[in-house]
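Modelling step: build the complete structure from the supplied sequences, incorporating the hints.
Quick note, the sequences are listed as chains A and B, same order.
First residue of the first sequence: 1192, per the working numbering; consecutive thereafter.
First residue of the second sequence: 1192, per the working numbering; consecutive thereafter.
Calculated from the structure, these hints are not laboratory results.
Model, not experiment: these values are computed from the prediction.
One thing to keep in mind: the hints can contain errors.
Same chains, same names: a pair is fine if it fits in one copy or spans any two.
[Unchecked claim] Each computed SDA-like pair below joins lysine to any residue, with the alpha-carbon atoms no more than 20 Å apart: (1) K1725 - I1627; (2) K1713 - R1485; (3) K1725 - H1638; (4) K1484 - D1672; (5) K1725 - A1628; (6) K1734 - A1582; (7) K1395 - L1414; (8) K1651 - L1390; (9) K1391 - G1402; (10) K1725 - P1692; (11) K1484 - L1677.
Number of protein chains: 2
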Amino acid sequence: MLRRFFPVFDWGREYSRANAFSDLSAAVIVTVMLIPQSLAYAMLAGLPPEVGLYASILPLVAYAVFGTSRVLAVGPVAVVSLMTASTIGAASLPDGVSVITAAVTLAVMSGVMLLVMGIFRLGFLASFLSHPVISGFITASAILIAVSQLKHILGIEIAGETLPESVVALIGGIGNVHVPTMIIGAGCLAFLFWARCRLKSTLKRLGIGDGIAGFLTKAGPVLAVIVSIVAVWAMDLAPGGVRIVGDIPQGLPGLSLPSFDLGLIGQFAVPALLISMIGFVESVSVAQTLAAKRRQRIVPDQELVALGASNLVAGFSGGYPVTGGFARSVVNYDAGAQTPAAGAFTAIGIGVATLYLTPYLYFLPQATLAATIIVAVLSLVDIGVIKRTWAYSRSDFSALLTTIVVTLIFGVEPGVISGVVLSLALYLHRTSRPHIAVVGLLPGSEHFRNVLRHPVATGKRVLSIRLDESLYFANCRFLEDRIYALVAQNREVRDVVLMCPAVNEIDASGLESLEEINHRLKDSGVRFHLSEVKGPVMDRLQKSSFPDHLNGRIFLSHYAALAELDPELVAQSDGGAVA
Amino acid sequence: MLRRFFPVFDWGREYSRANAFSDLSAAVIVTVMLIPQSLAYAMLAGLPPEVGLYASILPLVAYAVFGTSRVLAVGPVAVVSLMTASTIGAASLPDGVSVITAAVTLAVMSGVMLLVMGIFRLGFLASFLSHPVISGFITASAILIAVSQLKHILGIEIAGETLPESVVALIGGIGNVHVPTMIIGAGCLAFLFWARCRLKSTLKRLGIGDGIAGFLTKAGPVLAVIVSIVAVWAMDLAPGGVRIVGDIPQGLPGLSLPSFDLGLIGQFAVPALLISMIGFVESVSVAQTLAAKRRQRIVPDQELVALGASNLVAGFSGGYPVTGGFARSVVNYDAGAQTPAAGAFTAIGIGVATLYLTPYLYFLPQATLAATIIVAVLSLVDIGVIKRTWAYSRSDFSALLTTIVVTLIFGVEPGVISGVVLSLALYLHRTSRPHIAVVGLLPGSEHFRNVLRHPVATGKRVLSIRLDESLYFANCRFLEDRIYALVAQNREVRDVVLMCPAVNEIDASGLESLEEINHRLKDSGVRFHLSEVKGPVMDRLQKSSFPDHLNGRIFLSHYAALAELDPELVAQSDGGAVA
Chain A
1192 MLRRFFPVFD WGREYSRANA FSDLSAAVIV TVMLIPQSLA YAMLAGLPPE VGLYASILPL
1252 VAYAVFGTSR VLAVGPVAVV SLMTASTIGA ASLPDGVSVI TAAVTLAVMS GVMLLVMGIF
1312 RLGFLASFLS HPVISGFITA SAILIAVSQL KHILGIEIAG ETLPESVVAL IGGIGNVHVP
1372 TMIIGAGCLA FLFWARCRLK STLKRLGIGD GIAGFLTKAG PVLAVIVSIV AVWAMDLAPG
1432 GVRIVGDIPQ GLPGLSLPSF DLGLIGQFAV PALLISMIGF VESVSVAQTL AAKRRQRIVP
1492 DQELVALGAS NLVAGFSGGY PVTGGFARSV VNYDAGAQTP AAGAFTAIGI GVATLYLTPY
1552 LYFLPQATLA ATIIVAVLSL VDIGVIKRTW AYSRSDFSAL LTTIVVTLIF GVEPGVISGV
1612 VLSLALYLHR TSRPHIAVVG LLPGSEHFRN VLRHPVATGK RVLSIRLDES LYFANCRFLE
1672 DRIYALVAQN REVRDVVLMC PAVNEIDASG LESLEEINHR LKDSGVRFHL SEVKGPVMDR
1732 LQKSSFPDHL NGRIFLSHYA ALAELDPELV AQSDGGAVA
Chain B
1192 MLRRFFPVFD WGREYSRANA FSDLSAAVIV TVMLIPQSLA YAMLAGLPPE VGLYASILPL
1252 VAYAVFGTSR VLAVGPVAVV SLMTASTIGA ASLPDGVSVI TAAVTLAVMS GVMLLVMGIF
1312 RLGFLASFLS HPVISGFITA SAILIAVSQL KHILGIEIAG ETLPESVVAL IGGIGNVHVP
1372 TMIIGAGCLA FLFWARCRLK STLKRLGIGD GIAGFLTKAG PVLAVIVSIV AVWAMDLAPG
1432 GVRIVGDIPQ GLPGLSLPSF DLGLIGQFAV PALLISMIGF VESVSVAQTL AAKRRQRIVP
1492 DQELVALGAS NLVAGFSGGY PVTGGFARSV VNYDAGAQTP AAGAFTAIGI GVATLYLTPY
1552 LYFLPQATLA ATIIVAVLSL VDIGVIKRTW AYSRSDFSAL LTTIVVTLIF GVEPGVISGV
1612 VLSLALYLHR TSRPHIAVVG LLPGSEHFRN VLRHPVATGK RVLSIRLDES LYFANCRFLE
1672 DRIYALVAQN REVRDVVLMC PAVNEIDASG LESLEEINHR LKDSGVRFHL SEVKGPVMDR
1732 LQKSSFPDHL NGRIFLSHYA ALAELDPELV AQSDGGAVA
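Next up, the structure:
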């Protein structure tokens, strides 16, 4: 029990000096990478930079205690930051509630939701988010984020949450471009794109080893940060209008409390749930990818507990919603992290940075942070998945496209919700029309096959129907309609036998439909039978009074049913086989 | 095409004098029954009595033209009247919009929705309403309706939409009971209950034939109406405080127009959709029950068109939302109606009543109408279904109970919505954990069976897994988790073969999961294979690049896979068979 909820007792008992060394060196690398990222994502979320740093300290410790992944690195991530910005931007905050308190409230709510889902093992709820919906949502979010950061690159003041708004505002503001800001922003963008595509191969050509070259490439943003701080400071650009990060409070975060305003909590309920679910799905997917490489195991329901605890402490320590990040987890893995202790060491690193490094970040231009965000999120845009989904399934494609278009035009929350609703509707539509075949006897055998595909023998008095799906609320009316239509068309029919070898479940609606079919067929003078009902399904049926009402019988095999109901047909078929 | 959308051309061409006689006599009986019902349901809906009559004229003609059922009788029904009352009561009506215009707007919106669903063949959407949700909703609505009518029986003035409100108001108002009203109400109630249970057998004991006895029993409410009108008139009870129906405008309905206020349309969107769906499900279920008795066929998508047209004309002729009613359709059937022309004749009957009969209804006490409503709806309360569902399936039971409790406490709209959401969540929960078996070779055969149930042979290097469900977004993560967990537990495994004989579909999420599994297993040095993939599923997979990426192979049979991957095991098993 203790080890189920506290995986730290699992790996902690066998923690070795070798582990500690690997974890420490990974932590140093991740810390260096996390500092600019935390500042940038806080800016994206519309929050002061220190909030990003605070969200990268205690949550890592909480994950180290509760998480089942050995290498997942939690903290602020792009998509969740965008969702935070959009939630707080759309909310009407009560008097006395600052955006920071709103962010704290959102983190605590998200933490509570994740914890509750974890304790009640509700991880399956994430299944509502199909792959096309998630890919579409992330692609659309990345585009929204990149466009939203252009204003920082161009040094203009605009607002706009959805794509049309942002584009209109950008075009309107194009005359006010601040040239020094744009030079810094565009320079950083160009450098970061070059670094991402070419730096590693260039370094390797210069004779630098693979590992170090990879690390230096990942540290590209840090170099951009340092160079632009120095440039702004040396050329004294800030008074000329280049926006800088400015004062960041020095010191560790204190205790923050969320708002208990019921109106605010009501407004945040749906967004907090979406943030939790999207964060959880992303995080588990990263964790599983990395765990598979070392044949380790992720327990999704326990991940809910771990992310819940991380968000709770994020909130109470002045941060905002966090989740497992892809880029940083991969860096952590590549740098050799062996246990979640690497996360705790990273937390110490960020804590030290918060204590001593913040004064040096004073001159950091916002354009540099915007450039790091743009480069990071554009790697999330996946055009390939759109093409692949189109080729594979029109139904999934329509869910994907709807999610993208609605997210871009109406924002993140309607985007996810419309995608989820559409996927569910399409799925129900598909299973609501299951394959139902009229079957006949394959001459000389005991097998029954679809009359449309095989030369089989059928009689006029017995109608054999095979249902190729479980019978549940979404498809039982379809089965009813089909059976009534078939019986209405074949006026000589006196017996209907429903063959159920592929029926894995019959729910209460299915049972009700069977009762109705039985009742209505009886009214029109037709007997209703079942055949080849699976064991567990039969056990269930026995609990109801259906077998007593049934106006026909339940046969073990369909052949036995036909032998009894239409002995002539069976005899002819057997005769055919002998002849 | 014409006959698809206008079934009237189907039965109209062969209409005979015998049909006309049957239809006319059925129409007389149904008309007599419909007059008090229409007045009563209008009162339940919170509308003037003539609105109920108007809703029983043109909608019947529209259904006769478009409907596929030969005997369905449309008009005002109890549950839809309650939903109308609750929708209009909860809405804030714009200035100048009366409750009558609101009802007309609701009918027109409901008509448009049904028509659109019919034209686009969206009848499957009704599948969202599972049997337990519908039974629960109808039972709870019937209780709400019965309680809401008690005030008319007791002659007190109270308001209250949900059960707790109504009960509190009733208890508070118990001191103000109006004794003459209560005597009429309780008397009618007692008579109607007695008539329902005993009248038929009493009449038969008096030597009256079965058919006539049945008709007289059904006409019980008419007798109650006549006797109470006479009583109120003769004893001059109205000035003493017995509430009566009063003036009903004489004459046929004129053209009414709905409100085009966008705010009102927005408020009515969800309620109108629920009214349409609940009405549709009820109506189709009645129509199918009756059609089955004569081996006739109902076309659900065309029923949407017919009910849509009925609601449209209900709205434009000053009525309110209508649907196919159970009691009146059964009466119509029993009375021998042969074609929908019976409905058109009934419409003429109600029209004549509106022209000439309304003055005689002036003294009709509301308590009598309330008593007919209570007796009618209490037959809808089905305690048996609650017990049966409990015995059959806990999951369906929880959807049923939630619907009942939420409807009683929070009202009709939250009741239906919570039931639908819960059914969907429970269904996804069940299919999100499909049966996944590790299988082994049954010695001496080519069959593979679950290792937990059969004495089968397995090797340590090859893991055979059978998935007993289609692979789609709700369960693909579960499959991933299971495979990763199994591979993490069995460190010697070098090959994983997924056996897919029961996989009817793989959606884009499932494909993505297979890609992930393939990718991650490759990372941990394990090959991933598929076996026994069905034809249509394989065709789909060929459209993707999955077969090219697959780090193992796709085998036609699982035995072929094992023969290739673990020849030793297969040889041993064959040897065993020979020995």
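Hints and how they fare:
no., hint, result
1, K1725 - I1627, "both (18 Å within a copy, 16 Å between copies)"
2, K1713 - R1485, "between (62 Å within a copy, 11 Å between copies)"
3, K1725 - H1638, "both (17 Å within a copy, 19 Å between copies)"
4, K1484 - D1672, "between (51 Å within a copy, 14 Å between copies)"
5, K1725 - A1628, "both (18 Å within a copy, 16 Å between copies)"
6, K1734 - A1582, "between (46 Å within a copy, 6 Å between copies)"
7, K1395 - L1414, "within (18 Å within a copy, 100 Å between copies)"
8, K1651 - L1390, "neither (77 Å within a copy, 45 Å between copies)"
9, K1391 - G1402, "within (10 Å within a copy, 93 Å between copies)"
10, K1725 - P1692, "both (6 Å within a copy, 16 Å between copies)"
11, K1484 - L1677, "between (54 Å within a copy, 14 Å between copies)"
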